[in-house]
Structures are given as C-alpha cells and as structure tokens.
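**Student:** Two chains, two frames, a set of hints: combine them into the complex.
Respectively, the protein sequence lines represent chains A and B. Just so it is clear: in the first sequence, position 501 is 501 by this note's numbering, and no numbers are missing. Just so it is clear: in the second sequence, position 72 is 72 by this note's numbering, and no numbers are missing.
These are calculated hints, taken from the structure and not from any lab test. Some hints could be false.
[Said to hold, decoys possible] To give an idea of the interface, some chain A residues facing chain B are shown, with a C-beta separation under 8 Å as derived from the structure:
id, residue
1, P403
2, E404
3, H576
In this text the structure is predicted, and so the values were computed from the model without any measurement. Quick reminder that beta carbons are idealized off the backbone N, C-alpha and C, glycines included.
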Amino acid sequence: MAQTSSRGISRRGFLKLAGAAGAAAAVGGGVTGPRPAQAAGGIKPGFTSKYSVCDMCFNKCSLIARVQDGVIQKLDPNPKFLKSRGMLCAKGNAGVEQVYGADRLKYPLLRVGERGEGKFKRISWDQALDLMAANFKKIGEQYTRCGFMFMAGSDMQSTFVHRFAEAYGSYNTLSHESMCLIAGTRAFLDTFGEVPIPDMLYTKYVVMAGANRFESLVTPDSMDLMTAMKNGAKLVVLDPRYTKTAAKADEWFAIKPRTDMAFMLAIAHVLITENLYDKKFVAAKTYGIEQLTKHVKPYTPQWAAEQCDIPAEEIQRIARELAAAAPAAMVYPGRRSSNYTDSTQIRRSYAIVNALLGNWDRPGGLTAARVVGLGGGIPFEAPFYEDNPEDRIDAGKATLMFPEEGSFKLARDAVLEGKPYPVKGFFLYHTNPMQTAANRSKTVAMLNSMEFVVTMDIHMSDTAYMADLVLPSQTYLERQDPCSAQQGSSACACVVMRDPVVAPLYESKPVFWVMQQVAGRLGMGEYFDFTIEQFRDKQLAGLTGGMDALKRDGVYYNPSKLYGVYEGKIYKTKSHKIELFNSRYAEMGLEPMPVYTPPKPGGFARMRMVVGRNAVITQSSSQNNALLAKFQPTNHLWIHPERAQELDIKDGDWVWVKSKAGKQRIKAKVTYETRPDTVYMATGFGVLSPGLANIYGKGACIAQVLTDEFDSITGNMAMHETWVRVGKEAA
Amino acid sequence: MLKRTIVVLLVLSFIGAGLSLALASGGKGNSRKGKYLYRKNCRVCHVQNGKAKELSPISKTQAQWKTTFAAQDKLPCAAEWAKLKEKDITDIYAYLWGHAKDSPSPAKCK
Ligand code: SF4
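Pulled out of the complex, with its shape left as it was, chain B reads as follows (with noise of 0.2 Å):
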C-alpha cells in the first residue's frame, strides 16, 4: 500500500513538475485525436495497396517515429504535413507515438 501511495506521488510530483514520462516525450497531445487525424489525413495514402508505404503505429519505435517527425520538411509528404495544425501534428504525434511496437501499449490493429 506504501508503495502505491509513493508511485501516486511520485506521478503526480512528475506531472506538478511537467516532466512526467507522457509529458517528456510526446504526451501532450491527445492521442484518441490523434488517431483520429491519423487516419483523415494520412491513412488514405498510408494503407495496403494506397500510394504510399502502409503504415501503423507500430510500423516504428518510439525513438523512430521521434526522428520522424523532427525531420518532417524532408519527407515525401512534407506539403501535407505543412497544410496540418501545429497541434494536430501532436495529436498525430502522440498516436503513434504513444501505441509504436515498443511502446508499453503497441496498436492492436492497423
């Protein structure tokens, strides 16, 4: 019981301090929205037989989707991305993120 109770604070003393493990890396965006955009805006290309290379969640690790998304402009797709909100791409972000194939909780389905 000490010990949940030390796990609760120190999760909320993370999140107090903004540097809990969502919020470091890619847990500000809303990830259900995400999926949600993900699938508007790039599974109609991103899909088996679409125009580009199908993707999911856990077509990637964390640290790739990280890299990914640092290099945007250079993708093919770069024009696409640039149409996109600034907080839809964390959204999106999240999504993938938070579901890659290393992540604690990989997609199910693509």
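Only chain A is shown next, with the shape it has when bound in the complex (with noise of 0.2 Å):
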C-alpha cells in the first residue's frame, strides 16, 4: 500500500508507462474477449455441457461448463462427482471470470524497464522462447544448473516445471506447500506413517483447532462435516477469531494463539490419567504409551487452562466427551499448519491425541489413502551433472525437511545471501510468492538480486510485475491437462482430468507447451517427446475403463478399501507402528513427545498477527476476479474493541499496522470477532501491480506486514510469530 501510493503511479500513468502500444492492451488495458450472454434471460436452447475441473483453489472440484457459439454461459457442478458432493462452491461459479476477464495476459511482455517500474513491451513467443533458452543455458553454465530455481503452484500441469527442472539439473524446485501445510504433513507422517484424510460424514465429534473449515472449503471435509452435524455430531471450535465455523459450532473457545499444544496435551493428560484412552488399540497399534503416560502428567486441565484462557472443567469435559465417542471422534488434522516456530510438534500434539482415541483406519475417524491405481504417467530419465552442487540451497537448514518441497523462507534467505552458493534465474508458475510469503520486501530484494526472472500466469501478478519476462498462460477452461488423483475417504478414491471447454484466448499457451519448447531449444527434447493424450494414456493404464468412464461421467472411481487399510501391515514410522514417541525424533536430539513452551508476553500494544480465508477468495489467485472482487473489495484490520479504544480507534479509521517486517496502511473494523490480543486481515490485498484493475489500490498486504520466522523442523513459514503495533493515523 505504502509503496503504491507513494510512488504514486496511477493505472492510466501506468498504462502510458507500459510503453508499446500492444502492452497496455497485454496487461489489461481495455481489450476484453467474448463475454458471457446469460444475464440477459439466461442461456438459450442449444447449448453444449462439458466436463472439466475447477481450479479457483487446490481442490479440483469436477464442473459442467455450459457453452453456447464457443463462450461459456455457465459452470455449474457436476452432480456425480461425490468429492465436493456435488459441490461447486462461489469462487468455482465465479471461474468463467478467470477467462473473460479484461484483465488476462494476452501476449509474452518483456520488462523494458526497471524491475518493479512496470515497463514492459510486448514480444513474440518465438522471441520469449529464445530469451529463456538463452538465460538457462548462460545462468547454468556461469554458476551451475542449480542457479535455476523453480517454483510452481498446485496445479495439473506443475509436474511438467518439476519434469523440466529435473532434466535440465536443478535441485531447487519450491512449491507453495512450504507457505502452508508441511508442518502437519510432517507431524501427522511421523506419527501415522502417513497424512490421514479425515472420515468427516461419519464422525460424531470434532475438535477443530487452527482450522476454519466452513469457510476455507476443503472437499469433502466442509460438507460432510455439515452433513455430520445434521445427523448429531458435535464440533467444538478453539480459534482466536469468530469464524463462520466458530458461528456454526456447537462450542467456541477464543483460545489464546499459539497454546493449541498446552490444550491437546491436557487432552491427552486427562485420557491417560481416567483411563479413556482406546486400550486395546494403543497396546496392539501404538509405541510409547509409557513414555507418553509420563510426559504428560504435569500437563494438568488446571495448568492448561491458565495457558490457553479456556477453563480447565471445559477442558476435562471435552476430553470425556472425546472418549465417549470414540473412535468416531477426532482433533481434526487441518491443512494449513504455517503458524509457529513448533508447528510440526502442535501438530503432533493432535496426531497424539487421535492416537489415543483409537479413531485410525475406523469409521468416523481418521483414514489412511485409499488405492487410487492412477499412473505416475511417461517416465524418464533425468541426467546427472558432476559439476552440481551436492544439495538444494536450503539444505540442512531445517531439521526434517521435505527434500522435493523445500522451505521457501530458507531459499529466500540463501538466495539472499549468496550461500552456500548462487541463484540467479528463477521460473515460477502459476504462483504468486509477492502475496503469499510472508516479509514481502525479502521477496522484492529476492527477485532483484535475480539475474532472470520468468512468470507464467493468468494476470498480472506481483510477481509477474516483478518479472524481467511475463508469460500468457491458458486458464483452466482452456487447457488440456494431464489426470489427477484425488481422495475424499468415504467420498471417493478418484480420478479428474481436464479438456479444453473452449477454444484459448489470445496468444495465452499452456505450461506443458512452454516447457517443451525451451528443452527443444536446449536439446532437452527427448524428456518432452509425447503428447498430453500421451501422457494420460500412460497414467490411465491400469484402471480399466478408466478414460471411459472420465468421458462418460466427468470422474472415474476406484472402489478401493476404505477402512481397515492396515490391517496386518505395518506402520510407516520407524518402529512400525503409531508413534506416541517417535523414537526418530530422539535419535536426533529432536523432542521425542512435543513440549510445550508458552508463548512469550506480547507487551504493551502489541498484539498478534493472524491469517485466514474467507469462502469467497483465494489469497491473491482470485481476489482480481471481477465477480469475486463485489464479495470481498477490499480488507480491514480487525480489532478487539477494548484494544481500539486504547488506541483511540473507531471502526472505519484509517490505522497502521506495524511489525518488524513491514508497515501498511489499512482501514479497522473494531470487532469482538477477534480477541484483544489478536488482529486479522486477509490476504492478497494492497497489491503493487496496476494490472489488477479489481483490486489496485484496495486495501492492504499482509504479506508486508508478516514476520518470516520458520518451523524449525520442516522450514515451514511461521506467520503466526508476527507481534504488530496498531495505531490511528495522524489526521
């Protein structure tokens, strides 16, 4: 916000800026496609339907587009396609947007002028084509293949960038999940051997800490869950914020942030001292009962309380509540796990207590994946390069980190440094790193340090804006993608594939096209030699039926196992079975069972900075969508109001908040949605590129204001370490 305003460069000057005469229409300067009729009465007689795969968020929800002269009318969703339930959720009505939308890429856009400037000119694909070329093969010859890092969002055709990485011999591909989910990810893997999906239909009670499932959608957790609660399950809610979940739960406790672990071990303390935890499952399926029963002793309802402001009685209750439904009953996992500095062990703290609970492969519980059968689709070959260096960048920096996710902050922060040794061409798809990582000038200092920096998206991006090349991508409804698998417990064990609904706009390309060109230029040809339909023929050569199936109905299903997976196999943990003590962990001089450490005093006006969706946005992917943007225009600070009247702040006053990060400039909403302590705002706002006509100049970016602290164990962002001050703005 401070940035845009005081450069003071408004979206005419930056069209003038832009340059050419083709680049003000390339990012967004009034060239619009064809446009959706149905507003005037509705779609006519005559018009086709076909399958394809919503991409406004990571869950791949199946969709029907309906098409009337080559223009989508209408998605709707596709009613056999039980994942989502038949779901097809604002933002997924809101996709034919993404495509129609006046602001899309149209053409390849060379920066002509400084980076961040905004000048930029269009060229020819065969032009773009060359320049990458060029830069691959000058940036790994001057400092190794390893120089090219990669980063692509979650999308069906990433796996060609992570292909393209591989063979040309970088080890440095990132992915957003290092901004999200590895913590649980890694808890829930060193307790289970695997990430569960939650049998949400079934169960009959959830404790829901650090999760907002009733507006950050995941399928099918969100609608079974709400199905479940119909049918008489109980959630109970621990969350800062008065979220829609915690407005549709039976129970909500304004938990004091980062004392979720103090809870769960409470839990576990009172099961294991009134003996209601699963006997005969810890004995036959658990390792470390003993040293569990120990460590948490001191670990008392009465001490918890104190922690987490939630009252010990409460506390005990819902621990006996637990047991009493178990195993249909659950902590429930959640997704994003970005929060703190221990983060990987919070989470352990609930893999722990649903251990104890003996919810594991049972109904109502928590599921193992279920056998999907989807091929891993054209294997290949990858060269090695002797003269590469041994490791990523980020390498040993974190203690248990994923190898082919990486840690995002701890690239950046090598990256910076230049050690242990440099990075200088960066290609990203399909992700936007300038919104969703936190301490924004860290990425803008990234990206300058940069010799070659390639975007491929839909729009302009920030980090397009930031980008020395800006590729026009196809969207979703355009594109012709490759399968993917998705699980759903009890929902589905399936499969979803994309096919182009309507013919591509302008000169936008898929990733899969670009990538194949480049290693053609390069003499990488071999790793790209087949097709698409190639490719899926490969993927889809052991479920029978398979293609038939996803033509006929939009999925395919795999009528796999769903509970039971385990029995008579092991577990994937070191001891094979479920570790309430990991005895890797110990190995490694890291805490075998979590301990807890309570969070340090925030002082005098300050207070912590919290993240969180809404139902009708998806961080900086969809905020730009002209439809989505009417829900959500911009943000505000929330504020408690006890801490606003110390601070003189009425709703509606321009504030600034401020950490050591950053500072923005926002407007407050003085609410008792949050507690004294914790502020919120949502993310993707207050953007730097005036290519994003809908929300230019809206609200303000979090991403600034975040601290980039990190799990110590997988590198995992710690947004939640963020201590801010708030104060009105002088008149």
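**Tutor:** Written out as structure tokens, the structure is:
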C-alpha cells in the first residue's frame, strides 16, 4: 500500500508508462474477450455441456461448463462428483470471469524499465522462448544448473515444470506447500506413517483447532462436516477469531494463540489419567504409551487453562466427550499449519490425541489413503550433472525438511545471502509468492538479486510485475491437462482430468508447451517427446475403463477399501507402529514427544497477527476476479473494541499496522470477532501491480507485515509469530 | 532458541564424530546421484510390465533395503550388480534407503 501510493503511479499512468501500444493492451488496458450473454434472459437452447475441473483453489472439483457459440455461459457442479458432494462453491461459479476478465495477460511481455517499474513491451512467443533458452544456458554455465530455481503452484500441469527442472538439472524446486501445510504433513507422517484423510461424514465429535473449514473449504470435509452435524455430530472450535466455522459450531473457545499444544497435552492427560483412552488399540498398534503417560503427567487441565484461556473443567469435559464418542471422534488434523516455530510439534500433539482415541483406519476417524491406481505418466531418466552442488540451496537448514518441497523461507534467505552458492534465475508458474510469502520486502530483494525471472500466469500478479519476462498462461477452462488422483475418504478415491471447454483466448499457452519448446531449444527435447493424450494413456494404463468413465461421467472411481486398510500391515514409521513417542526424533536430538513452551508475552499495544481465509477468495489467485471482488472488494484490520478504545481507534478509521517486517495502512474493523491480543486481515490485497484493476489501490498487503520465522523441523513459514503495533493515522 | 542451538550442536557433533544418523545408515552415498543411477541401471527391468518386479524406494522398508544390499550376490540380477562400481552402489543405496517407505521422506512417485 505504502509503496503504491508513494510512487504515485495511477492505473492510467501505468498504462502510459507501459511503453509500446501493444503492452498497454496486454496488461489489461481495455481489450476484452467475448462475454457470456446469460445476464439477458439466461442461456438459450442449443448449448453444449462439457466436463472440466475447477482451478479456483486446490480442491479440483469436477464441473460442467455450459458453452454456446464458443463462449462459456455458465459453470455448474458435476452431480456425479462425490468428493465435492456435487457442489461448486462461490469461487468455482466465478471461474467464468477468469477466462473473460479484462485483465488477462494476452501476449508475452518483456520488461523494459527497472524491475518493478511496470514498463513492459510485447514480444513474440519465439522471442520469449529464445530468450528463456539463452538464459537457461547462460545461468547454468555460469552458476551451475542449480543456479536456476523453479516454483510451481498446485496445478495439474505443475508436474511438467518439475520434470523440466529435473531434466535441466536443478534441485531447487519450490512449491506453495512450505508456506502452507508441511508442518502438519510432517507431524502426521511422523506419527501414523502417512497423512490421514478425516472421515468427516461418519464422525460424531470433532475438535477443530487452527482450521476454518466452513470458510476455507476442503472437499469433502466442509460438506461432510455439515451433514455430520445435521446427523448429530458435535463440533468444538478453538480459534482466536470468531470465524464462520466458530459461528456454526456447537461450542467456540477463543483460545489464546500459540497454546493449542497445551490444550492437546491436557486432553491427553485426562484420557490417560482417567483411563479413557482406547487401551486395546494403543497396546496393539502404538509405540510409547509408557513414555507418554509420564510425559503428560504435569500437563493438567488446570495448568492448560492458564495457558489457553479455556476453563479447566471445559477441557476435562471435552476430553471425556471425545472418549465417549471414540473411535468416531477426532481432533481434526487441519491443513494450513504455517503458524509457529514449533508447528510440527504442535500438530504432533493433535496426532497423539487421535492415536489415543484409537480412531485410525476406522469409521468416523482418520482414514488412510485409498488405492486410486493412477500411474505416474511417462517415466524419464534425468541426466546427472557432476558439476552441480551437493544439494538444494536450503538443505540442512531445517532438521527434517521434505527434499522435494524445500522451504521457500530458507531458500529465499539462502538466495539473498548467495550461500552456499548463487541462484540467479527463477521460473515461476501459477504461484505468487509476492502475496503469499511472509515478509514481502525480502521477496522483492530476492527477485531484485536475480538476473532473470520468468513468471507464467493468467494475469499480471505482483510476482509477474517484478519479473523480466511474463508469459500468458491459458486458464483451466482452455487447457488440456493430465489426470489427477483425488482422495476423499468415504466420498471417493477418484481421478479427474481436463479437456478444453473453449478455444484459448489471445496468445495464451499451456506451461507444458512452454517447457516442451524450451527443452527443444536446449537439446532436451527427448524429455518432452509426447502429447498430453499419451501421458494420460500411460497414467490410466492400470485402470480398466478409466478413460470411458472420465468421458462419460467426468470422474473415475476406484471402489477401493476404505477402512481396515492397515490390517496385517506395518505402519510406515521407524518402529512400524503409530508413534506416540517418536524414536527417530529421539535419535536426532529432537523432542520425541511435544514439549510445551509458553508464548512470549506481547507487551503493551503489541498484538499477534493471524492469517485466515474466507469462502469467496483463495488468496491472491482469485481476488482480481470481478465477480468475487464484489463480495470482498478490500480488506480491513480486525481489532477488538477494548484495544481499539485504548488506541482511540473507531470502526472505519485509517490505521497503520507495523511489525519488524514492514508497515501498511488499512482501515480498521472494530469487532468482538477477534481477541484483544490478536489482529487479522485477509490475504492478497495491497497489490503493487496496476494490472490487477479490480483490486489495485484497495486494502493492505498482509505479506508486507508478516514476519518470516520458520518451523525448525520442516522450514514451514511461521506466520503467526508476527507481533504488531497498531496506531491511528494522524488526521 | 536454546533448544534449536542444542539440536544444531548435537547434529554438528554427530557429524564431527562421523556418527550422524545419516552417516551411520546409508547417508554416505549421494542420494541424488543414486536416483539417476537407479533409473539408469535398475529401472530398465524393474518397471511396470518389465522383466523384473516393479520397484521404487517405497517398495521396501529401510531394514529391507539394508538386507537386500547386504545379500546382493544372492539376487537374480547379481551379475548386473557386479558391473557397478562400489561408489555407485552406495549412491543407489542412499537413494533407496533414504526414501524407503518408513523413511522420513518416502519417495512420492515411482
Ligand atoms: S472448493 Fe470451490 S474453488 Fe475450490 S475447486 Fe471446489 S468449486 Fe473450485
């Protein structure tokens, strides 16, 4: 926000600055595509219906596009798609606007001014591809191939970016996951040997901490929880904010941030001391109950009450209720866990309570991944480059980092430091770390330190705005994609795929084609010597009737086993049992069981900032959608009335919010829907790019304020470690 | 913070003494090179509908990989193994063992 206003570049000015006439159009200066005509009296007879898969968030809901005269008029849910329970959410419905929005990138654009200045010129695809090839060659030769970094979002074609990176020879691939969920993944993997899928539909009791499932949708969990509650299940929500999930819950506790582990340890304490845990299950399938019994002894509900601001008797009662409903009861594992420096251990405490409830692999509990049977596509043998460095640039900086995901935070620090080796090229596809990574100033500095940055997206995201070369991507409704496997517990183990529902607009291309073209120019053509059809055939080779089902129903189901998957099998942990006590952690000098450390006090006027989603936007990829922007045109800083009064802030006042990472200017929303020690704002506003006309100049950027601590085990961004001061803007 | 320092110190001291978890059990090799060598030498046969059983790191536990490598001369493809350099075998082991099904980072795809 500060940056945009201080530079004083208006949208009109930006378009002038954009140089060549073609560039103005290319960044959204008025050329629009065809428009759906449905507003005037609905769809006329004679439309065609085509299956596709939503890409407005990671859930990949199957949909039916209604197309008339080559234009998408409407998107409907696919009633045969059980994972979403036949639903297409608000964002999914607004997908039409992704295709026809005026801000689509239309041609390849080359930066002509300073980085971040917004001056681009239109170039041809041939020029763009030649330039990419030349830079891959130059940077690879000068800095080794690991000197080029890759980052791809959760997309059905991201696999081709990873394939390219591997064939080219770079270990430095990143995804969005280290800014989202890897701490939770690590915790459950290191307890159960795999990441569970909650069986929400049949559960009777859910404790949900650090998740907001009725706004931040996960299919089928969000829908199934609603149905389970109609059938009598109880939902207890722990959240410092009064989210919509809290509003719908049977009980909401405004837990003090960073104390969830204390709550879980106290639950474990009650389950063990009152002999309420599933003894048969624990004896047969877990490892470490003796150590855990000793470990949780001091963690009484009375002790936890002081930490969490939840009364001891409530904690005790919840533990008893969980036990009474078990095994159809759970602590919801959640998804995003980019919260604290010990988020892996916090989520381990969730996993341990689940193990004590004996809910693993049983109805209403946590289920294992079902067999889908989708193959990996066309295999390849990437070359090995002897002159490459030993490992990733972020290797060894977190104890148990996932080598395929890495850590955006630690990689960014390493790039900035230039150690252990320089990284000077960056290719990004379908991801926007300028908005999603904490500490935007550092992201800017990293991009500025690069010699060549390429971004491929459908619009001029802030990351694209900082790039040297910007490539126009096809939207999901214009693309042919590989098949994708999905897990949905009782709903499904299934496969979906995408074919184009309309012809691609402008000069947009799929990333598969780009990778193929650049590979060809670099003499790596053999790694992309196939079509998407051939890739899919290979993926589907083991599934008889797979393609027929996909064509007929838009989805293929594998009726694989749901419960009792682990009968007679080992757990994929070190002890081959569910690990209450993690023996590998013990060997590595990590705490084998979660040890609670109380949060540091914030001090006067210092509040913790938390992040969270709502149901109409998915961070930065959907904010600029004109339909969704009507529901969420901007963001506000949520602040509790008590604190607001102390600071003389009234609802709607302009305030500044400041952390050690940065400062933003934003309007306050004075509300009881957050704790006095916690502030919140929605992600994805306060953009730098005037190419995002629907949201440019609106709201403030949370990424500018969030500090970039990290979970020490995985390198997951720890965004809730952000302490802020808030003050009223001088009139 | 103190705890993290201790962890770092512990890890460093293990490395110093040549006793780290990784070194003690397979980390001597270069797992990335091992992946390449595995694909080049082993996956020729160990693929879907191949001459031998389809294999990937997650086909076995770490202990099973250890046993397999310890008894390499008894395997049906022992003659193929004999053609590999010892360093290559160590690298392949580092890859398979390091991404085994009960490892901290099980291989994602085959
Ligand atoms: S949950 Fe909504 S946005 Fe996400 S894939 Fe499904 S319909 Fe699309």
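**Student:** Does the interface hint hold: is A/H576 within less than 8 Å of chain B, judged Cβ to Cβ?
**Tutor:** Holds. Min distance 7 Å.
**Student:** If you take the shortest Cβ to Cβ gap from A/P403 to chain B, is it below 8 Å?
**Tutor:** Result: holds, 6 Å to nearest chain B Cβ.
**Student:** Taking 8 Å as the limit, does the beta-carbon of A/E404 come near enough to a beta-carbon in chain B?
**Tutor:** holds, 6 Å
When each numbered hint is compared with the structure, no violation occurs for any of them.
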